[in-house]
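We have chain Z; now place chain S onto it with these hints.
Protein chains: 2
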Amino acid sequence: MRTEYCGLLTEAWLGKNVSLCGWVQRRRDHGGVIFIDLRDREGLVQVVCDPDNPAMFEIAESIRNEYCVQVHGAVRARPEGAENTDLISGKIEVVCQQLTVLNASATPPFQLDDDTLSETTRLTHRVLDLRRPQMQHNLKLRYRVAMEVRRYLDAHGFIDIETPMLTKSTPEGARDYLVPSRVHAGHFFALPQSPQLFKQLLMVAGFDRYYQIVKCFRDEDLRADRQPEFTQIDCETSFLNEQEIRDLFEVMIRTVFKNSIGVALAESFPVMSYAEAMRRFGSDKPDLRVKLEFTELTDVMKDVDFKVFSAPANMAAGRVAALCIPQGGQLSRGEIDGYTEFVRIYGAKGLAWIKVNEAAKGREGLQSPIVKNLHDAALAAILERTGAQDGDLIFFGADRAKIVNDSLGALRLKIGYTPFGTEKGFFEPGWQPLWVVDFPMFEYDDEAARWVACHHPFTSPKDEHLDLLATDPGRCIAKAYDMVMNGWELGGGSVRIHREEIQRKVFEALAIDADEAQQKFGFLLEALQYGAPPHGGIAFGLDRVVTMMAGADSIRDVIAFPKTQRAQCLLTQAPSEVDERQLRELHIRLRATETLKA
Amino acid sequence: MRTEYCGLLTEAWLGKNVSLCGWVQRRRDHGGVIFIDLRDREGLVQVVCDPDNPAMFEIAESIRNEYCVQVHGAVRARPEGAENTDLISGKIEVVCQQLTVLNASATPPFQLDDDTLSETTRLTHRVLDLRRPQMQHNLKLRYRVAMEVRRYLDAHGFIDIETPMLTKSTPEGARDYLVPSRVHAGHFFALPQSPQLFKQLLMVAGFDRYYQIVKCFRDEDLRADRQPEFTQIDCETSFLNEQEIRDLFEVMIRTVFKNSIGVALAESFPVMSYAEAMRRFGSDKPDLRVKLEFTELTDVMKDVDFKVFSAPANMAAGRVAALCIPQGGQLSRGEIDGYTEFVRIYGAKGLAWIKVNEAAKGREGLQSPIVKNLHDAALAAILERTGAQDGDLIFFGADRAKIVNDSLGALRLKIGYTPFGTEKGFFEPGWQPLWVVDFPMFEYDDEAARWVACHHPFTSPKDEHLDLLATDPGRCIAKAYDMVMNGWELGGGSVRIHREEIQRKVFEALAIDADEAQQKFGFLLEALQYGAPPHGGIAFGLDRVVTMMAGADSIRDVIAFPKTQRAQCLLTQAPSEVDERQLRELHIRLRATETLKA
Chain Z
76 MRTEYCGLLT EAWLGKNVSL CGWVQRRRDH GGVIFIDLRD REGLVQVVCD PDNPAMFEIA
136 ESIRNEYCVQ VHGAVRARPE GAENTDLISG KIEVVCQQLT VLNASATPPF QLDDDTLSET
196 TRLTHRVLDL RRPQMQHNLK LRYRVAMEVR RYLDAHGFID IETPMLTKST PEGARDYLVP
256 SRVHAGHFFA LPQSPQLFKQ LLMVAGFDRY YQIVKCFRDE DLRADRQPEF TQIDCETSFL
316 NEQEIRDLFE VMIRTVFKNS IGVALAESFP VMSYAEAMRR FGSDKPDLRV KLEFTELTDV
376 MKDVDFKVFS APANMAAGRV AALCIPQGGQ LSRGEIDGYT EFVRIYGAKG LAWIKVNEAA
436 KGREGLQSPI VKNLHDAALA AILERTGAQD GDLIFFGADR AKIVNDSLGA LRLKIGYTPF
496 GTEKGFFEPG WQPLWVVDFP MFEYDDEAAR WVACHHPFTS PKDEHLDLLA TDPGRCIAKA
556 YDMVMNGWEL GGGSVRIHRE EIQRKVFEAL AIDADEAQQK FGFLLEALQY GAPPHGGIAF
616 GLDRVVTMMA GADSIRDVIA FPKTQRAQCL LTQAPSEVDE RQLRELHIRL RATETLKA
Chain S
76 MRTEYCGLLT EAWLGKNVSL CGWVQRRRDH GGVIFIDLRD REGLVQVVCD PDNPAMFEIA
136 ESIRNEYCVQ VHGAVRARPE GAENTDLISG KIEVVCQQLT VLNASATPPF QLDDDTLSET
196 TRLTHRVLDL RRPQMQHNLK LRYRVAMEVR RYLDAHGFID IETPMLTKST PEGARDYLVP
256 SRVHAGHFFA LPQSPQLFKQ LLMVAGFDRY YQIVKCFRDE DLRADRQPEF TQIDCETSFL
316 NEQEIRDLFE VMIRTVFKNS IGVALAESFP VMSYAEAMRR FGSDKPDLRV KLEFTELTDV
376 MKDVDFKVFS APANMAAGRV AALCIPQGGQ LSRGEIDGYT EFVRIYGAKG LAWIKVNEAA
436 KGREGLQSPI VKNLHDAALA AILERTGAQD GDLIFFGADR AKIVNDSLGA LRLKIGYTPF
496 GTEKGFFEPG WQPLWVVDFP MFEYDDEAAR WVACHHPFTS PKDEHLDLLA TDPGRCIAKA
556 YDMVMNGWEL GGGSVRIHRE EIQRKVFEAL AIDADEAQQK FGFLLEALQY GAPPHGGIAF
616 GLDRVVTMMA GADSIRDVIA FPKTQRAQCL LTQAPSEVDE RQLRELHIRL RATETLKA
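For the record, the sequence lines run as chains Z and S.
Residues in the first sequence are numbered from 76 upward in steps of one, following my numbering.
Residues in the second sequence are numbered from 76 upward in steps of one, following my numbering.
Pulled out of the complex, with its shape left as it was, chain Z reads as follows (with noise of 0.2 Å):
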């Protein structure tokens, strides 16, 4: 039916005949002539219907938009001057001899180029928002990049093996969501929130490197860069250790962006611990491209006679630290004011700030509410560890470290990423990928009153770190790292564990006793008595790679069927009620509050 995709005609086509297939875009009546740009996955190209061939015309008079038709023809040259620059097929055209309708269409409920649509909208009408080409792109660099991730990952000797859908819950970490088994009563699978445990078996099991492009599921109420269901580039492999892992999949991601997008990544990523990250962004995702940084302030804040200062400074978990904007002495009291309510989203109860007006000057030449509460020495700091210039402006924050890293973090962000950012050079466009590693292996659960694992309970400790298990598990470093590029985090990893006796005390420290690891990791535990090798690995988030090469908004952007935040899909309206006797054949009913279908 098809010589060629319409949107990839090109003048070796000119003198032939040939066949296309596409959609009509748009139908222009011109001087008797009718003009069809004609659309397909990989663009347009012009039609030419002249009213000499008169059965043809009465059918091209008949089209309207986003039919569906078949057009025979020939290839001419278009005239001077009507060139399009902006098509592959923008030097010819074809002049129509046979024009068919393959399937008539309704008028679309929207116009395809009309960028302001609701996400209700584009969801809703999901087929036709699909029809645009920023979504044609998105979906086949998609492709791409997958395809690329699997070239790479095959040339390096890693094989796709497929790990079940329907798993066991193990509820730790996010929610499960689970599917009732109707053959055995009272049972459930989980789907799973990685195949981690799998991909770790099947090293075990001597496969050496796996991968697997692979979908988790996460019943997590959802922010604007997770979806229910997500695609994880999943990859373990034995016999490496990090820093070999790490050289292999920063080579990866190297290959793929190159080839995917042409984009020249650096050619070694800075690897950073996450101490270093904490203290210079307050974050374990430093966005790089943002050239502003921390000053660590704690120490010579702890004898202030300012308990805003103070008080934090003094505390174990307490942090105060100083955000120095060149030549933000520019930004008016509107603009800090804004800043102040910002950084109230993330729980700081303020902002304080000084004006470097005249540094020479010493304390007259700032201008400040809070300058009056600080003794000499600690503005002195301020000063020369800010570096701050005349014309400058320095932010604070002091509260417990996760407030003051979180806020001035945000900050930071929000201050690069505005015009006066990018025109002061704080903002450098790019691609700012680095290595965050170190990690530590726990976090206290303040609520749970116990340490939960940072990374996951099968993540190395750091081999010098062993005893620290037992004795000080807050100061024991895990052997994980994560890939974070522009402020995400792309994937994240680490060397897991694979020997039984050190797994066995990971979950002691985790406050998980030997019933409950046996019921719930008794295969794990079982597997890594016989011979597991050294092993590790990395998962990276697909469509967030994808969202960021293609640029896009949201992930919903490079998924072709994607839930609503509500968890919901528009087009086909799911969830949806069920059958009662469904229900009953899983053994389960709806609790009482609930409505059932008659």
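Hint data in this document are derived by calculation from the structure and do not stem from the laboratory.
You may find that some hints are simply not true.
Since the list gives no way to pick one copy over another, a pair counts as held whenever it fits inside one copy or between any two copies.
[As the list claims (entries may be wrong)] Derived pair list, reagent style SDA-like, types lysine to any residue, alpha-carbon separation capped at 20 Å:
1. 166 / 152
2. 447 / 192
3. 499 / 363
4. 91 / 154
5. 477 / 355
Values in this document were obtained by computation on a predicted structure and should not be read as measured data.
Just chain S, lined up with the frame of chain Z:
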């Protein structure tokens, strides 16, 4: 840690130092020297530990089967006569200089080379079972097949687009796996039985060519070749007709067989109508390796004075057919009795037979309990149509056509697969692919008292049969096709309906009223209104394709972590009980008869 895989170490490495990582397959002490067969996923290599390196030798003495070790050593030629031609590494051995135990192993619960293990043992200790070379081979083959499929489809413009796993329940066909929604009380997602509607929507959205290697789910009672979750190679294309689609995927399968297992399939697969396949073989997936065929006798048995034959011959849905076994006269009475028992499994009430001792003698030359019941014309027709020679045996089936086809079809294979069948040349080993086409659109479901779709409700009828949808659905033929090989359905597909009004007519024929159609398939009907292109596709069962290629007994042997026939994972003990808290969050409770976890 490793220079090369153990199993790939060849003479190219002679004289060089290497590092190897792997598992101890076997340790032999021979003349004061310790030989280790070291195994990794690529195979074995022999490691020689001499006592003149006491530190290393002491470690060598300590190691046991399935220890995970690292070996540094030098590659040398094996002594003459000690080569092992079964191994890629069989001409060399590695003289161990340094031996490191990476992880010790408890004594495995079974020998890896034990071929008599029960399936329960194998699935309970799946990690060790997967270390067996056969399982390593099967999963590597599976990967190779999937990758070849991707390469082919990529080269032909197909793009992999992911479709949702959390979809809408449409109870039609098999039973859905349901997933309760936490956010929408009383509502459920369903896991997809196939991405059928989504791939059609992608065609309407203009993606032109789609594929996905994707998990599908059916909550059915399990048979030997079924799993609750299985993997489809799911494909769809626009703008190709039935023949073109078949050609494209025939070449794909031929390419994949060639590149994965080096098998050259027939240049052009035979194409057989459903009607012909049923007539000649009683099956829509005939195993053409078996050379026996049915003989139609319904017409000649209408007027015989033998109710067993004449009653079905005069029923609308009845059939009388024969299966002539050349030289079958050699079968013993015991064997014939055995076959009589066998066909009862398929509902046959008995198995009539005639031994042709001397055809020239007419009735006298035939040995059979039923000859006396048949008139001369019937006997003559039997001999003529079957072409039976002296010494042959003719079996008869007479019943509802389904029972005749099932029972005589099974008998045909059973006899074909016996040593007798092979010896007499009824069975020709090799690969016998074919297309079965022209399936009926509908079959009548007596229980539901309505027509149901043979393929699925989105399959297009033949253009010339559109009118039959309303007038005579039973005679309406579909644009559907199955690819069959050696008696297995490898894949099936169809040209789809791309016009809304035809889709509505098919729903009507299926007694799905407008309201129900709107509620279940409204999104499809809407999409078809906007210039849906002509499209069609096919889905192959990856598990089956690989099982067949691997010559495995069960699809469980080509799946890393399969479920049992009771839909259980013996390794992880899924499905399992869950916390009451989880159920409460999902707005469900167990039925009163079920016990709750405390």
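Do the hints match the structure? See the list:
1. 166 / 152: Within one copy only: 6 Å inside a chain, 66 Å across chains, cut-off 20 Å.
2. 447 / 192: neither (53 Å within a copy, 82 Å between copies)
3. 499 / 363: For residue 499 and residue 363, the Cα distance is within 20 Å only inside one copy (16 Å; across copies 77 Å).
4. 91 / 154: within (17 Å within a copy, 69 Å between copies)
5. 477 / 355: Intra 14 Å, inter 76 Å, cutoff 20 Å: intra-copy only.
Going through the hint list in order, the structure does not satisfy hint 2, though it satisfies all others.
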